[in-house]
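Go ahead and model the full structure; you've got the sequences and the hints to work with.
Residues 524 to 847 in our numbering are what the sequence shown lists, from first letter to last.
It should be emphasised that the hints constitute simulated quantities derived from the structure, not laboratory data. Even for Gly, the Cβ is constructed at its ideal location relative to N, Cα and C. The reader is advised that the hints may include incorrect statements.
Subject to a maximum C-alpha distance of 25 Å in a straight line, what follows is the list of computed SDA-like cross-link-like pairs (lysine to any residue) [claimed, not checked]:
#1 Lys555 - Pro738
#2 Lys640 - Pro764
#3 Lys727 - Gly669
#4 Lys689 - Pro649
#5 Lys661 - Thr687
#6 Lys632 - Gly576
#7 Lys562 - Leu801
#8 Lys660 - Lys670
#9 Lys563 - Met591
#10 Lys760 - Asp789
#11 Lys651 - Pro695
#12 Lys758 - Ala679
#13 Lys661 - Pro649
#14 Lys563 - Val824
#15 Lys660 - Arg704
#16 Lys727 - Lys760
#17 Lys632 - Thr687
#18 Lys618 - Ser573
#19 Lys758 - Gly744
#20 Lys606 - Pro827
#21 Lys555 - Lys692
#22 Lys640 - Lys727
#23 Lys606 - Gly560
#24 Lys606 - Pro804
#25 Lys651 - Ala597
#26 Lys727 - Leu643
#27 Lys640 - Ser594
Now the in silico label distances, taken between C-beta atoms and shown as ranges [unchecked claim]:
#28 Pro827 - Arg622: 32 to 42 Å
#29 His743 - Thr777: 23 to 33 Å
#30 Gly672 - Arg622: 36 to 46 Å
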Amino acid sequence: MRKLFFLLLAAAALPLFASDKTFNATYVATIKDVPAGLKKMTVWIPLPVSRGGQTISDVRIDSPLQWMQTSEGAFGDRYAYAKVWNPPAGDFMVKVHFRGTRNEVTTAKLAETRASKADLARALRPDKLVTISPRVKKLANEVTAGKTGTVDQAHAIYDYLLATMKYDKTIPGWGHGDTERACDIKAGNCTDFHSLFMSMARAKGIPARFVIGFPMTSDHGTVTGYHCWAEFYVKGKGWIPVDPSEASKSTDATRRAYLFGNLDPDRVQFTMGRDLVLSPPTAEPLNYFIYPHAEADGKEVGTPAIALEYTTVPAVPKTASIRR
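What follows is the structure, encoded as structure tokens:
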């Protein structure tokens, strides 16, 4: 049954997009409204990383400050931090320039990836807002009733989200990735969709994890909001991507089917995970990490804002070689 299902997924992965995208990009991180009178402010910023169908190179932090780059332990996220002494009141900005190539991810192209026991255990554990409450367990059991196997159950959860959740950023409280709110409101943005997916998957014993970055749906532009998706683990295959929030915006059945098990190259990944613990430590684990984060005296300061400026690099036409 699982083999048949992957054949169907491969059929759903017939090319809808160019197979890859190479681009130059600048991540613009701003801490707005830094208060006056601070003696020291510590700032953390996420960095893009090569994995998940993408290759990142030429990363350069554009700032007069000394930034230390390091990796988070649980998910391998890359980030940088700096200490700002006597920061002026107002807005603090830092830019990160980089080059990337993003490939289309399809089930047909996925090579078997084995996850460590620690990775799987982390992907089964609840987070502060990605809960596995009694009602989540009950809902997951109801939605997957009669389904056997990881892929069938994950697809049932995906279909449930498409049938019941609405992409809506007008109701206050969206954007935190709060599973219980998603159950109550049945609306939200991508974080809310994928938190509910992860909670229900984990409730069924399916490892699931959170991925966040930016959309890049044109040849060039500036994006001022993030996009996220999720992955679930299938033994013998690896991490399978899903993007029900993006699928919910489309009435195209092919597009909706495609985004279970496949991802277009019109995005760039920055970090994974929820409840992230950084070093030096933040006052509280980060719910997710796409915004810059600033603290002074053990408290968050300012208001974070982000943008991604990008330009696609035209593909170089392949020329036939001539034998002489």
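Hint check: Lys640 vs Ser594, CA-CA at most 25 Å. Holds or violated? 20 Å, holds
Distance restraint between Lys555 and Pro738, which requires alpha-carbon spacing of 25 Å or less: Holds, at roughly 23 Å.
Distance restraint evaluation - Pro827, Arg622, Cβ atoms, bounds 32 to 42 Å: 25 Å, violated
Tell me if the beta carbons of His743 and Thr777 are separated by a distance inside 23 to 33 Å. 27 Å, holds
Satisfaction of hint between Asp789 and Lys760, Cα-Cα up to 25 Å: Judged against 25 Å, a Cα distance of about 24 Å means the pair holds.
Restraint status (C-alpha distance of Lys661 to Thr687 at most 25 Å): Measuring from Cα to Cα gives roughly 16 Å; hence the hint holds.
Given the hinted pair Lys640 and Lys727, is their alpha-carbon gap at most 25 Å? 17 Å, holds
Going straight from one Cα to the other, do Lys606 and Pro804 come out at no more than 25 Å? With Cα atoms ~13 Å apart, Lys606 and Pro804 stay inside 25 Å; holds.
Lys606 and Gly560: Cα distance at most 25 Å? Given that 25 Å is the threshold and the Cα spacing comes to 15 Å, the pair holds.
Holds or violated: Lys758 to Gly744, with C-alpha atoms at most 25 Å apart: Violated, at roughly 39 Å.
For Lys618 and Ser573, compute the direct alpha-carbon distance and say whether it is at most 25 Å. At roughly 19 Å apart (the allowed maximum being 25 Å), Ser573 and Lys618 satisfy the hint.
Within a Cα-Cα threshold of 25 Å, do Lys632 and Thr687 meet the stated pairing? Violated. Lys632 to Thr687 sits at ~31 Å, over the 25 Å cutoff.
In the structure shown, a violation is registered for the earlier hints numbered 17, 19, 28, in ascending order.
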